[in-house]
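A.B. asks: Below are the chains, spelled out letter by letter.
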Amino acid sequence: MSPELSRRSLLLGGGALVAGATLAAAGAAAAIDQATPEPTGRRLSAAGRTQAGVARPATPQRNALHAVFAVPDTSRLQRDLAALGSAILALLDGPSQTPNPTLPDGPGDLTVHVGLGPRPLRAIDPSLPGATPMPSFARDDAIAADRRDGDLLVALASSDAGALRPALDHLLQAVPTLVPLWAEHGFRAAGEGTVARNPLGYLDGIIVPEGQDELDENVWITSGPLAGATVCVLRRLRLDRRAFTALDVPARDGVIGRHADGRPLSGGGPRTQVDLQAKTPEGEYLVPARAHARAAHPSFTGSALMLRRGYAFDRGPDPTSGVDDAGLLFVCFARDLDAFVRTQLRLDEVDDLMTYATATASGSFLVLPGFSRTRPLGSPLFT
Amino acid sequence: MRPRPRLIPTTLAVVLGAVAALSAGACSSSQGSQELVRVPADAATITDAVERVAPGGTVLVAAGTYPEQVLLSTTDVTIRGEDRNATVITGEGKRPYGIVATADGARIENLTVRETTFYGVLVTGLHDENGPSAHNGDGYTRLDPDKFPPVRRFSIDHVTAANNGLYGIYAFDAHDGVIQDSYASGSADSGFYVGQCRQCGILVTGNVAERNAVGFENANASDSVMIAGNRFSGNRVGMTLISNYQEAFTPQRANTVVGNLLADNAEPDSPAQASGSFGLGLGISGGIENALTRNRISGNPVAGVQLANTEDLAAASNAFTGNAFEGNGVDLANTSATRAPAAGNCADGTPTTSPADLLAPCPGTAAQPAAPLEGTSVPRGTSFLRVASPVAQPDMGAWTGQAAPLPARVTMPDPAGFPVPPADFLAAMSGTA
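Heads up: the sequence lines are chains A and B, in that order. According to full-length UniProt numbering, the first sequence is numbered sequentially starting from 1. According to full-length UniProt numbering, the second sequence is numbered sequentially starting from 1.
Please note that a few of the clues may not be correct.
Said to hold, decoys possible - Restraint-style ranges between C-beta atoms, simulated for each label pair:
#: 1; chain 1: B; residue 1: 380; chain 2: A; residue 2: 123; range: 43 to 51 angstroms
#: 2; chain 1: B; residue 1: 275; chain 2: A; residue 2: 269; range: 45 to 53 angstroms
#: 3; chain 1: B; residue 1: 145; chain 2: A; residue 2: 270; range: 52 to 60 angstroms
#: 4; chain 1: A; residue 1: 146; chain 2: B; residue 2: 366; range: 35 to 43 angstroms
#: 5; chain 1: B; residue 1: 326; chain 2: A; residue 2: 241; range: 49 to 57 angstroms
#: 6; chain 1: B; residue 1: 379; chain 2: A; residue 2: 271; range: 57 to 65 angstroms
#: 7; chain 1: B; residue 1: 339; chain 2: A; residue 2: 249; range: 56 to 64 angstroms
To be verified - Some chain B residues well away from chain A (every beta-carbon gap over 12 angstroms; in silico):
#: 8; residue: 32
#: 9; residue: 45
#: 10; residue: 80
#: 11; residue: 145
#: 12; residue: 165
#: 13; residue: 205
#: 14; residue: 276
#: 15; residue: 309
#: 16; residue: 337
#: 17; residue: 344
#: 18; residue: 382
#: 19; residue: 387
#: 20; residue: 404
#: 21; residue: 426
#: 22; residue: 428
Everything labelled a hint here was simulated from the structure, so no lab data went into it. Note that the Cβ used here is the ideal one computed from N, Cα and C, for glycine as well.
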């Protein structure tokens, strides 16, 4: 099947899902007087070939909590990961009739995935994907040391923002030795699939791998003991909205390479890929030479296409600088760390959007293969 | 590949229509049987003539204007104009191609191709039953060399390509050919382009490129490529040797660049170079092991030569010997990023450099310091359709009969036969009508 066909059928499938969701919402409104409200979102299995929350659900839940920890004692890692995995299964995949004091309304579409940072990976095997930390990118020197390259990521996502912190706190009881480094509560604008408006007012996540074939090609490690794993990069980017919105609209569009409704400056509809070669008769690129859509295009680096599922954050003014501590927690998944590293190095050289972004936390994590009651979380690392 | 379309929005619908017409023509193509087909005496159009001509035959085109695009898919065919300056194929600013050759042994000679939106003359192995498929790339796929083996044996000789929206004369996924004594101006990308081949066996010689965004461009064409005795002067950028991950066969390596004139590349009457380059004689991005010998590189106001990285690919081990540098902003500059520092690029003589301690004597291996280049004010681009037309170009003369099929390999000239060219090298072919 050609990528075109698979993409088209997937888009059609997505449309059907949206229609279904709308109907379900109408049903929920009609049932509002019921004593127990229905949990939001469809329940997802935590067990599987891959961990939940990376590619399923296809439309990311609106809320997420990304929590990053130090692992003081890596010799306990196999036990700790197994305990964490068991706790996740018990919390999310338990019988729905069982009373659940952590999530009284049930888990809904809550997902949890777990990844390991470079230091513990090196301790297990320096040749593991993600065992080498990312290089320092432009202006990364300003990131505090305890907000770089953490050891362990627990990423939770749910339609119900109120479910995230109780679930995390509950899961951490299984791994009491973890030391919290930083965490970010994020929210997504309304959207379909991975496409949602970012804090600068532009649509993000338009060109991502879709469907099993594209995910297998670009996102999942597909062979060996780590089959079903993927490499996640988190970049907490404070965005200077004031400076960006001080530009007039055509200048903003030029920084991004698309209009606010998603249409590329090279023409077409909101889901059209940018045409990198399109020029005016005078020889100027229609998508400007330093536009983000051009700079981040994977063809220039020969990289895998990253699955991007970022979340906005907003913590109000920074107490010391007074600058709004708001922006985007960039979240991507790819089959190797190089896909992000090569792209970010390129962005540092040729992307005008970087002018408006300041990284305030950063990390890379090997999101472990999927797990189940018979295949403990992390077990493929230790075989 | 640069094969991807640069769709100019106002002409998009027309372009798509033209592609459909090309496809229909290709589907119905059948091999002809005539050794010689004269246009318009035997066939009203060049396209009709190409349908009728036998393998190894000739299509001889009389003076006239031919508003068509020609797909040549029969082996060892010559398309020859009877009057280089008056046998004109025009895209009228709305059709993508002039002549596309997808068969081995193609000869295109002694004619003019103008005002196409993509390519004047294209020789390529990347095609399907509907014609060249380069324009179908969606930006996430690139040439699969196993699926599309290169077309072999070609000759483009005494062809004038003017006012084309992308490239004037273009060979990619093509081997064992010659581009010679031809002329290109008013191209919105480059006048001449050779790309995507290893052990290419391609000779580019005796050509003039002026008033283009870039005179001559090589992306990922390596090993046996000789660029000898050309005039790439009066463009925005004279020539480039680049590695490009968007195309197959990175990195670019080991071309012989000898006896060329790369002068005064700061021409306002040209389309813009899309990344904003201007005032540059030769740019090497991520290219390695090229031998640049006895070229005259002069009067380029930003830099005679600029070395840069392509992503993680360094410009490395390029050797400059016996070149005449004069009157450039700086003769040799290195602007490589720290992630892929230039290394082992060496030069003899005493060229000026940026930074000052850039060069080591040949041969070199050391990593080299870099510094940003000072910018210059860049004039706005001129529409490719409005760039001034060339002066009349030399004609091959009367046709003297069917030529033998092209040989399997190009006989490369001895580089020693190319001295530093004089400042007025090939000046008779330069200028505007």
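A.B. asks: Determine for every hint whether it applies to the structure shown.
C.D. replies: Evaluated hints:
| no. | hint | in the structure |
| --- | --- | --- |
| 1 | B/380 to A/123: 43 to 51 angstroms | violated (58 angstroms) |
| 2 | B/275 to A/269: 45 to 53 angstroms | violated (27 angstroms) |
| 3 | B/145 to A/270: 52 to 60 angstroms | violated (35 angstroms) |
| 4 | A/146 to B/366: 35 to 43 angstroms | holds (39 angstroms) |
| 5 | B/326 to A/241: 49 to 57 angstroms | holds (51 angstroms) |
| 6 | B/379 to A/271: 57 to 65 angstroms | violated (37 angstroms) |
| 7 | B/339 to A/249: 56 to 64 angstroms | violated (34 angstroms) |
| 8 | 32 | holds (34 angstroms) |
| 9 | 45 | holds (27 angstroms) |
| 10 | 80 | holds (31 angstroms) |
| 11 | 145 | holds (15 angstroms) |
| 12 | 165 | violated (7 angstroms) |
| 13 | 205 | holds (27 angstroms) |
| 14 | 276 | violated (6 angstroms) |
| 15 | 309 | violated (9 angstroms) |
| 16 | 337 | violated (6 angstroms) |
| 17 | 344 | holds (22 angstroms) |
| 18 | 382 | violated (6 angstroms) |
| 19 | 387 | violated (10 angstroms) |
| 20 | 404 | holds (38 angstroms) |
| 21 | 426 | holds (24 angstroms) |
| 22 | 428 | holds (28 angstroms) |
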